[in-house]
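Heads up: the sequence lines are chains A and B, in that order. Residue numbers in the first sequence follow my numbering, run continuously in steps of one, and reach 113 at the last position. Residue numbers in the second sequence follow my numbering, run continuously in steps of one, and reach 112 at the last position.
A couple of the hints might just be wrong.
[As the list claims (entries may be wrong)] Computed from the model, here is a short list of chain A residues facing chain B with C-beta under 8 Å:
hint, residue
1, 41
2, 45
3, 55
4, 56
5, 65
6, 91
7, 100
8, 102
9, 105
10, 106
[Stated by the list, open to error] Each computed DSS-like pair below joins lysine-lysine, with the alpha-carbon atoms no more than 27 Å apart:
hint, chain 1, residue 1, chain 2, residue 2
11, A, 44, A, 71
12, A, 44, A, 27
13, B, 56, B, 70
14, A, 51, A, 62
15, A, 44, B, 70
16, B, 69, A, 44
17, B, 69, B, 26
18, A, 44, A, 62
19, B, 111, A, 62
20, B, 26, A, 44
21, B, 69, B, 56
22, B, 70, B, 26
The set of hints was computed from the structure by calculation and includes no laboratory data. Heads up, the beta-carbon is just placed ideally off N, CA and C, and yes, glycines get one too.
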Amino acid sequence: NAGVMQNPRHLVRRRGQEARLRCSPMKGHSHVYWYRQLPEEGLKFMVYLQKENIIDESGMPKERFSAEFPKEGPSILRIQQVVRGDSAAYFCASSPLGSFILHFGPGTRLLVL
Amino acid sequence: SQQGEEDPQALSIQEGENATMNCSYKTSINNLQWYRQNSGRGLVHLILIRSNEREKHSGRLRVTLDTSKKSSSLLITASRAADTASYFCATDHYNQGGKLIFGQGTELSVKP
Chain A
1 NAGVMQNPRH LVRRRGQEAR LRCSPMKGHS HVYWYRQLPE EGLKFMVYLQ
51 KENIIDESGM PKERFSAEFP KEGPSILRIQ QVVRGDSAAY FCASSPLGSF
101 ILHFGPGTRL LVL
Chain B
1 SQQGEEDPQA LSIQEGENAT MNCSYKTSIN NLQWYRQNSG RGLVHLILIR
51 SNEREKHSGR LRVTLDTSKK SSSLLITASR AADTASYFCA TDHYNQGGKL
101 IFGQGTELSV KP
């Protein structure tokens, strides 16, 4: 049973470009979470999704950031017109229905030049 | 903010010693969890303690929870060099859905 998969593992973008981060949850997991981690800091909640529904996006910036978890395919975190402050590690986690235990992917490290 | 706080921020011990990390939170919780993160990797779940539990054990790990003080501690006994990592507490709260709120973490270094 493969764990949570994220790609790419590393992503370099220039200011103003778009970044697309992908997350495939563990098999059988219906919930996906995105977190952001700045160097030497803890994880900051961004968004919580179920298939085709955003449950909680209270941690996501109102502008430039969006997330989806379609019926088929991976969850996508999209950052438009990236700025240097978006440089961080972005972690995806998944859980089965009814569980509070999160299974994390290896993260995508975004660097904005 | 419900963000938890952990102390110490960094801890350095010798192999074989015990390591204790503390976590405090601000509002009532459903559950509290501890996660471990090796450098450059994702987080791995270690242990979950429910709000009506006071202590839980898993191998060399012992977690305590004091809801009156809104605090928890993680004890790692007989530490090994391989325990070197960052340790985070995470809480889920009433009326907050399933999201976890993470603390800032304690960076543990175990010297051989």
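Provide an ascending list of the numbers of those earlier hints which the structure does not satisfy.
5 and 19
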